[in-house]
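Sequences listed follow chains A and B, in order. Note that my numbering numbers the first sequence so that position 123 is 302, with each residue one more than the last. Note that my numbering numbers the second sequence so that position 218 is 200, with each residue one more than the last.
These aren't lab readings, by the way, just hints derived from the structure by calculation. Quantities reported herein were computed from a predicted structural model and do not represent experimental measurements. A portion of the hints provided could be inaccurate.
What the hints assert, rightly or not - The list that follows gives simulated cross-link-like pairs (lysine-lysine, DSSO-like), each with its CA atoms no further than 30 Å apart:
1) A:278 - B:195
2) A:278 - B:272
3) B:45 - B:84
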Amino acid sequence: MKNNQTPEIAIETKNLFIFYGSFAAVSEVNLKIEKQKVTAIIGPSGCGKSTLLRAFNRMNDFVPSSYVTGEVLLSGQNLYGSNIDPVEVRRRIGMVFQKPNPFPKSIYENIAWGARINGFKGNMDELVEQSLRGAALWEEVKDQLQKSAYELSGGQQQRLCIARTIAIQPDIILMDEPASALDPISTLRIEELMQELKKNYTIIIVTHNMQQAARVSDYTAMMMLEKDGSRSGTVIEFSETKKIFTNPKDKRTEDYVTGRFG
Amino acid sequence: MNPNHDHFPEGESFRQSLGRRYRTASIWQGLFFSAFLIAILSLGALLYNIIDGAFGYVAFDYKNDPSEFTSKPLDDLNKQELLDILKTNLSSGAYKKLDNEKTMEKRSRSVLYTLVLERLIQIDTKETWSMTDSILRSAEIKVEAAEKYPEAKLEFRSWLTPVFLTTPMSSKAEFAGVRTAILGSLWMVGIAILFAMPIGTGAAIYLHEYANKNFINRVIQTNINNLAGVPSIVYGMLGLAIFVRTFEPFTSGSMFGVTDTNGRTILSAGLTMGTLVLPLIIINAQEAIKAVPDSLRQAAFGVGATRWQTIWHHVLPNALPGILTGSILAVSRAIGETAPLIVVGASTFISIDPDGPFSKFTALPIQIYQWTTRAQSEFHAIAASAIIVLLALLLSLNATAVLLRNRVQRKY
Ligand SMILES: Nc1ncnc2c1ncn2[C@@H]1O[C@H](COP(=O)(O)OP(=O)(O)O)[C@@H](O)[C@H]1O
Ligand SMILES: [Mg+2]
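Generate coordinates for the entire structure from the input sequences, incorporating the hints supplied.
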């Protein structure tokens, strides 16, 4: 069993700034995200939640003007170090997007493809089953693995995307508002799934739904635009979710979580 | 009460102004309808003009009477008898030349029959009439023909026949066909597309997936768009300078031991046409690649794919229908182009099938152009027939493109 006094850190940011051109969308973020916990990032829209999340697996690299300063440390290694290959980063830190985006292929291929390109040599059928079970989708699709993923419902597609992510066995799973395009029942299933997943993975989830953050997360990072009018977002408070929702230190956090924001 | 109320026409004056509005509307509607009518009519006139020339009465005569060669009616002769007639009546040099082109014994009866007609009996066309004349003035034409050409036979003829499609070029319109030209056109667009599709697709991938959006690449992009509008004769000049002259050792095949040609080969023409359609293919491929949603790329990158894996497994397969559609449209552009071929040096008279990239060649539009410049009306008739062949080819290509686009439309 793990020692409760010294929690293991999955990923850590040190003095992280994220720029789009000359605009610092996110400034001065210092976070320590614990292993095998769910950490929620909340805050009003446009405050840089997605930007921060994408910095964790270098998805911002695809925006040509973007760059970061500071460090993102995974097991002590800076993900933005010059010897780091972003492809390897993404293999170890998976991502689930806001809108379900399965490949236009069969259910089976959706899961097998990522594993195959990463050189998976084991039994593919087993991996597919295991991943679908892990994403609580197996029972619904086990007889129709060759069906196109586009024939699934939105909620099923999103769980397929989760299955696809866990198939490559990452250390961390990033989720950017994974349920915002789904109906309440599908949302509930994703939330339940997260509780299962955190037994094996570290999860960071962006959400603008406060109840969701309260239900699923162990820790919460509250983001806001800086008060100086620079339109730059930063983390104003980070602690256990319970504290954020019952006894926040920052007045702005309190206003936001009690719905008095704005 | 509304103070503006008085400013609106009421009752009778309102109805009058409404009437004026309707009149203006119907004038405009009439104008639009006439524009539509003009467009349809000119299209119709074009088609009618072509078809009108390809069918109709023809008055012809035999230079030498068939009885000079055989006692039987021509139609009853079998293959061997036809062969014998040719052997005995053609000069030995002419016979040998034919035999060299293709062994006489191996030719079919209908080919030999045509040869007898062409070389020995020698049809002499006196006059041709258009389809409209032939239908509307049938009786008059019969009288007129009997008066002017008492010896001649009058026959309603379709110049567009299966034989027309399968016989090579001949100096006599009655025996000329478009086989050589069709084969030349197919070879040419085949080479053009083999050259332009991989390069065009590659360039489009580079521009969309790799290139930074910097100044130089924007200039290149604009120039590609402009190149698509450059007059085709300019590409002809380019092809002449580069493919025919500079790369002559390659395009003539002398590099590979082919000796009897110069640079004016199918290969040069195909490469010139390839260059001509390259901007078109790049633009279409870019559109197709742009239509692949970013969410799909992100999904692939998100599971640890490299850029190349993302492109190869997701972007290209999903863009392929669009790329193919664009390429087919490029082919249909290339197949109708005439000017560059004239510059590059298509042969106007050639009766031997092209047998490879280093052959001399002719192409359908060249053949059509050549026939329309001849004075005798029977050549205009076969030109019209060749135009029908070309149009049919174009329409079927475009139909394929449309079918392809409709069939493989993806939902994301
Ligand atoms: N690709 C981009 N290029 C330039 N600016 C961007 C880009 N993506 C986001 N931004 C800007 O960064 C800020 C934060 O955006 P985002 O991270 O999407 O916020 P959130 O997810 O909290 O709604 C916004 O001001 C947004 O306009
Ligand atoms: Mg967002």
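Regarding the pair residue 45 of chain B and residue 84 of chain B, is the alpha-carbon distance no greater than 30 Å? Status holds; Cα separation ~26 Å.
Pair hint residue 278 of chain A and residue 195 of chain B, alpha-carbon separation not exceeding 30 Å: holds (27 Å)
Can you confirm whether the C-alpha distance between residue 278 of chain A and residue 272 of chain B stays at or below 30 Å? Roughly 19 Å between the alpha carbons, so the hint for residue 278 of chain A and residue 272 of chain B holds.
The structure meets every hint from the earlier list without exception.
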